[in-house]
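Q: Here is what each chain is made of, one letter per residue.
Number of protein chains: 2
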Amino acid sequence: MKIVITGGTGFLGLMLARALVKRGQLTAPSGNAERIDEILLFDMVAPAVRPAGLDERVKIETGQISDGARVRALVDRDDIGIFHLASVVSGEGEQNFDLAMQVNLDGTRHLLEAARARGSRPRLVFASSIAVFGGDGMPPSVGDAVKQTPQTTYGVTKAIGELLVNDYSRKGFIDGRSVRLPTIVIRPGKPNKAASSFASGVFREPLNGIDCALPVTLDTVMPVSGYRTAVENMIRLYELPPEKLGSDRAVGLPSLDVTVGEMVESLKRVAGNRHLGEITVAPDPFIQKIVAGWPTGTNFKRATSLGLAADESLDPIVKGYIEDFLS
Amino acid sequence: MKIVITGGTGFLGLMLARALVKRGQLTAPSGNAERIDEILLFDMVAPAVRPAGLDERVKIETGQISDGARVRALVDRDDIGIFHLASVVSGEGEQNFDLAMQVNLDGTRHLLEAARARGSRPRLVFASSIAVFGGDGMPPSVGDAVKQTPQTTYGVTKAIGELLVNDYSRKGFIDGRSVRLPTIVIRPGKPNKAASSFASGVFREPLNGIDCALPVTLDTVMPVSGYRTAVENMIRLYELPPEKLGSDRAVGLPSLDVTVGEMVESLKRVAGNRHLGEITVAPDPFIQKIVAGWPTGTNFKRATSLGLAADESLDPIVKGYIEDFLS
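The listed protein sequences derive, respectively, from chains S and P. Going left to right, the first sequence walks through residues 1 to 327 as full-length UniProt numbering numbers them. Going left to right, the second sequence walks through residues 1 to 327 as full-length UniProt numbering numbers them.
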């Protein structure tokens with residue numbers, strides 16, 4: 001079988017590709033394990049240097065997800081599985097509404113149409129986000145049963161994506177699932193335009209000897225998931241028989257609901273004798289306002305009952321980052 | 001000011017136009033009453049005979065809501081108010097997915113973009129539907145706080161419309177509101193293929209001397225609203241100051257949650273000595289199954305607290321239909 005990962009050269013896309021390379025197979029809709037013979041990473045740009053951990057089965061192609069013809073060409077086999085991660089992120093979406101609609105809404109529709117056009121009901125996992133929640137009526141803890149009134153354009157496009165994946169699945173066009181991600185930590189590399197970028201930066205910059213100015217206060221609570229767990233859960237959700245999902249195929253991933261202060265404590269605990277960059281608190285009203293509108297916890301009973309994995313604490317997440325990126 | 005009503009020659013569009021002609025003015029975003037000097041009814045087709053109750057201010061234009069350039073041309077003044085009623089209905093949407101997406105999703109986006117392009121933050125009322133609710137997790141009584149997992153493509157496009165109206169309003173592009181309609185009774189004319197068609201037919205056919213075979217049992221409960229109340233509520237919601245709506249600008253209208261048996265009783269009570277067509281119960285498993293998936297009540301406390309009107313009972317609805325269509 002072929003796997004397409006949109007947003008494939010992004011952090012999560014690459015980690016997912018590496019995990020799939022290691023596994024070498026996936027449970028197909030038939031219920032049988034099928035060998036993966038090609039993994040196509042589709043993204044706006046290709047890395048200058050070929051990333052480690054990928055073998056000859058992994059191909060990288062560049063293009064725009066908002067280009068319908070280009071997206072159609074990606075879905076060129078009946079035995080295909082799709083992980084749709086391509087997305088404008090939250091901060092960027094607030095700054096560029098039209099780009100968020102083109103990439104996140106039109107792009108998702110192009111991909112769903114491309115999958116539908118095959119006629120083989122491809123299995124597809126769409127990366128949604130906890131940013132679907134927000135607004136006056138939002139409870140502190142969110143979950144699969146909570147009304148979605150997102151307060152960012154990013155969150156709106158993710159909520160729409162969940163609705164479309166549900167309907168394309170109900171109609172039998174695809175066999176879709178949406179994985180609703182909390183903030184994923186610890187992202188390597190440089191800060192990005194996501195308003196949640198600091199939740200990785202608070203670990204990453206100090207571990208790399210760089211000072212970190214936090215744009216939010218230490219008592220800010222965020223639901224987070226380690227990337228290893230998130231990638232594992234994307235694969236588990238992909239492999240789940242559709243009848244287990246019922247009429248709502250969007251599943252909120254388990255989260256650790258932790259304060260930024262607890263992130264700092266875990267970092268110091270795990271880092272031991274490592275030299276750490278200095279952490280200061282310098283609240284940024286633009287970021288603080290966005291984050292204040294986010295939920296501070298999640299109810300993930302459904303995810304657990306479906307067999308998805310949960311992080312036990314922050315410490316293994318910090319250790320995993322050190323293993324994966326600093327060893 | 002100019003008023004545009006999309007779907008303007010449909011039943012609700014025409015009733016709304018007549019109500020606006022009678023009022024002659026609307027509270028503008030400024031808070032002041034503004035005289036309506038033009039009402040444009042935009043629809044796919046124009047009636048062969050000009051409908052009664054419209055004066056020279058009312059113009060009728062035909063075109064496709066899925067035609068972006070055509071829709072842009074409708075929004076040709078800064079002092080404009082928009083009622084967006086154009087829509088593929090539920091049964092048609094299930095039969096023609098692509099048409100539902102073109103009309104209900106793309107059409108709504110065209111109209112929102114046309115309104116945004118003016119730069120005057122036009123006020124807009126979008127007609128949503130109780131069909132946004134459904135699925136495994138739906139409670140018997142639905143409302144503004146309930147998760148939307150629609151089980152028809154029609155419902156999906158309405159849920160997406162609510163999300164888009166919220167976001168265009170949050171961004172300051174428009175001053176939007178969504179009015180979530182229960183089943184509207186008593187629609188004049190002929191039965192259609194909608195599963196809810198009997199909720200008007202049970203009154204209309206007997207009053208017109210036609211026999212009516214009910215496809216559901218008499219204990220079937222449905223949330224309904226009279227069309228006069230629904231039209232009045234669209235206008236009230238239009239006139240509401242935006243700060244009253246908070247972050248979710250979609251409001252579920254009050255409903256009467258009545259059994260089909262109560263509909264029959266009300267009909268007989270109000271009809272008095274009129275000759276009525278005979279009502280028989282001939283359950284249609286197909287219709288009965290669809291209706292069984294619908295909510296049986298609504299929580300409309302928010303609508304009431306916002307000053308929207310509620311029907312007191314079925315009897316005035318039957319009397320209103322007789323006055324409007326049989327006198």
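Because the hints were derived from the structure by calculation, they are not lab data. In this text the structure is predicted, and so the values were computed from the model without any measurement. Each residue gets a CB set at the ideal place from its N, CA and C atoms; glycine is no exception. Do not take every clue at face value.
What the hints assert, rightly or not - Below, computed lysine-lysine pairings styled on BS3-like, alpha-carbon distance capped at 25 Å: (1) S:K289 <-> P:K171; (2) P:K319 <-> P:K147; (3) S:K171 <-> P:K193; (4) P:K268 <-> S:K289; (5) S:K147 <-> P:K190; (6) S:K147 <-> P:K22; (7) S:K244 <-> S:K301; (8) P:K301 <-> P:K244; (9) P:K301 <-> P:K268; (10) S:K319 <-> S:K244; (11) S:K244 <-> P:K59; (12) P:K301 <-> P:K190; (13) S:K171 <-> P:K59; (14) P:K22 <-> P:K147; (15) S:K301 <-> S:K190; (16) P:K59 <-> P:K2; (17) S:K171 <-> S:K190; (18) P:K147 <-> P:K244; (19) S:K193 <-> S:K171; (20) P:K59 <-> P:K22; (21) P:K171 <-> P:K190; (22) P:K147 <-> S:K147; (23) S:K268 <-> S:K244; (24) S:K193 <-> P:K171; (25) P:K244 <-> P:K190; (26) P:K289 <-> S:K244; (27) S:K171 <-> S:K59; (28) S:K171 <-> P:K319; (29) P:K193 <-> S:K301; (30) S:K147 <-> S:K59; (31) P:K268 <-> S:K147; (32) S:K190 <-> S:K268.
Claimed, not checked - Some chain S residues well away from chain P (every beta-carbon gap over 10 Å; in silico): (33) T9; (34) V21; (35) A28; (36) G91; (37) D136; (38) V146; (39) K147; (40) P150.
Q: For every hint, state whether the structure bears it out.
A: Cross-check of the supplied hints:
1. Between S:K289 and P:K171, the direct Cα distance comes to roughly 15 Å. Compliance with the 25 Å bound is thereby established for this hinted pair.
2. Taking the CA atoms of P:K319 and P:K147, the gap is about 36 Å. The hint is violated against a cut of 25 Å.
3. Distance restraint check for S:K171 and P:K193: the Cα-Cα separation of roughly 20 Å lies within the 25 Å cut-off, and the hinted pair is therefore satisfied.
4. A distance of roughly 58 Å separates the Cα atoms of P:K268 and S:K289; the hinted pair therefore is violated under the 25 Å criterion.
5. Taking the CA atoms of S:K147 and P:K190, the gap is near 37 Å; set against the 25 Å cutoff, the hint is violated.
6. Among the hinted pairs, S:K147 with P:K22 is inconsistent with the structure: their alpha-carbon atoms are about 38 Å apart, more than 25 Å.
7. Distance hint between S:K244 and S:K301 is fulfilled; the C-alpha atoms sit about 14 Å from each other, no more than 25 Å.
8. The hinted pair formed by P:K301 and P:K244 meets the criterion: a straight-line CA distance of about 14 Å does not exceed 25 Å.
9. With a C-alpha separation of about 31 Å, the suggested pairing of P:K301 with P:K268 is violated against the 25 Å cut-off.
10. Taking the CA atoms of S:K319 and S:K244, the gap is near 34 Å; set against the 25 Å cutoff, the hint is violated.
11. Between S:K244 and P:K59 the alpha-carbon distance is near 53 Å, which puts this suggested pair outside the 25 Å criterion.
12. As the CA atoms of P:K301 and P:K190 are separated by approximately 34 Å, the hinted pair breaks the 25 Å bound.
13. Between the alpha carbons of S:K171 and P:K59 the distance comes to roughly 39 Å, so the proposed pair goes past 25 Å and is violated.
14. Between the alpha carbons of P:K22 and P:K147 the distance comes to roughly 38 Å, so the proposed pair goes past 25 Å and is violated.
15. Between the alpha carbons of S:K301 and S:K190 the distance comes to roughly 34 Å, so the proposed pair goes past 25 Å and is violated.
16. Distance hint between P:K59 and P:K2 is fulfilled; the C-alpha atoms sit about 11 Å from each other, no more than 25 Å.
17. With a C-alpha separation of about 41 Å, the suggested pair S:K171 and S:K190 falls outside the 25 Å cut-off, and the hint is violated.
18. For the hint linking P:K147 to P:K244, the alpha-carbon distance of about 22 Å falls within 25 Å, and the restraint holds.
19. Restraint check for S:K193 and S:K171: the C-alpha separation of about 36 Å exceeds 25 Å, so the hint is violated.
20. Note on P:K59 and P:K22: the hinted pairing holds, with a Cα-Cα distance of about 16 Å set against a maximum of 25 Å.
21. Simply put, P:K171 and P:K190 have alpha-carbon atoms about 42 Å apart, too far for the 25 Å limit, and the pair is violated.
22. Between P:K147 and S:K147 the alpha-carbon distance is near 4 Å, which keeps this suggested pair within the 25 Å criterion.
23. With a C-alpha separation of about 41 Å, the suggested pair S:K268 and S:K244 falls outside the 25 Å cut-off, and the hint is violated.
24. With a C-alpha separation of about 19 Å, the suggested pair S:K193 and P:K171 falls inside the 25 Å cut-off, and the hint holds.
25. A threshold of 25 Å between alpha carbons decides the hint, and for P:K244 with P:K190 the separation of about 39 Å lies outside it, so the pair is violated.
26. Of the supplied pair hints, the one linking P:K289 and S:K244 holds, its CA atoms being roughly 22 Å apart against a limit of 25 Å.
27. The straight-line distance between the Cα atoms of S:K171 and S:K59 is roughly 31 Å, outside the 25 Å bound, and the hint therefore fails.
28. The suggested pairing of S:K171 with P:K319 is violated, with an alpha-carbon distance near 41 Å, which exceeds 25 Å.
29. About 40 Å separates the Cα atoms of P:K193 and S:K301, which puts this hinted pair outside 25 Å; it is violated.
30. Note on S:K147 and S:K59: the hinted pairing is violated, with a Cα-Cα distance of about 39 Å set against a maximum of 25 Å.
31. Between the alpha carbons of P:K268 and S:K147 the distance comes to roughly 41 Å, so the proposed pair goes past 25 Å and is violated.
32. Simply put, S:K190 and S:K268 have alpha-carbon atoms about 21 Å apart, close enough for the 25 Å limit, and the pair holds.
33. Listed as outside the interface, S:T9 is consistent with that label: its C-beta sits roughly 29 Å from the nearest C-beta of chain P, beyond the 10 Å cut-off.
34. Chain P leaves S:V21 outside its interface by the beta-carbon criterion, the shortest separation being 35 Å against a cut-off of 10 Å.
35. Non-interface status of S:A28 relative to chain P is upheld: no Cβ of that chain comes within 10 Å, the nearest being about 25 Å off.
36. Every Cβ of chain P is farther than 10 Å from the Cβ of S:G91; the closest lies at roughly 15 Å, confirming the non-interface assignment.
37. Taking the minimum C-beta to C-beta distance to chain P, about 4 Å, the non-interface status of S:D136 is violated against the 10 Å cut.
38. Against chain P, the non-interface label of S:V146 is violated: not every CB pair exceeds 10 Å, the least being about 6 Å.
39. The Cβ of S:K147 does not lie farther than 10 Å from every Cβ of chain P; its closest approach is about 5 Å, which violates its non-interface assignment.
40. Not every CB of chain P is more than 10 Å from the CB of S:P150 (nearest about 7 Å), against its label as outside the interface.
When the structure is compared with the earlier hints, violations turn up for hints 2, 4, 5, 6, 9, 10, 11, 12, 13, 14, 15, 17, 19, 21, 23, 25, 27, 28, 29, 30, 31, 37, 38, 39 and 40 and for no others.
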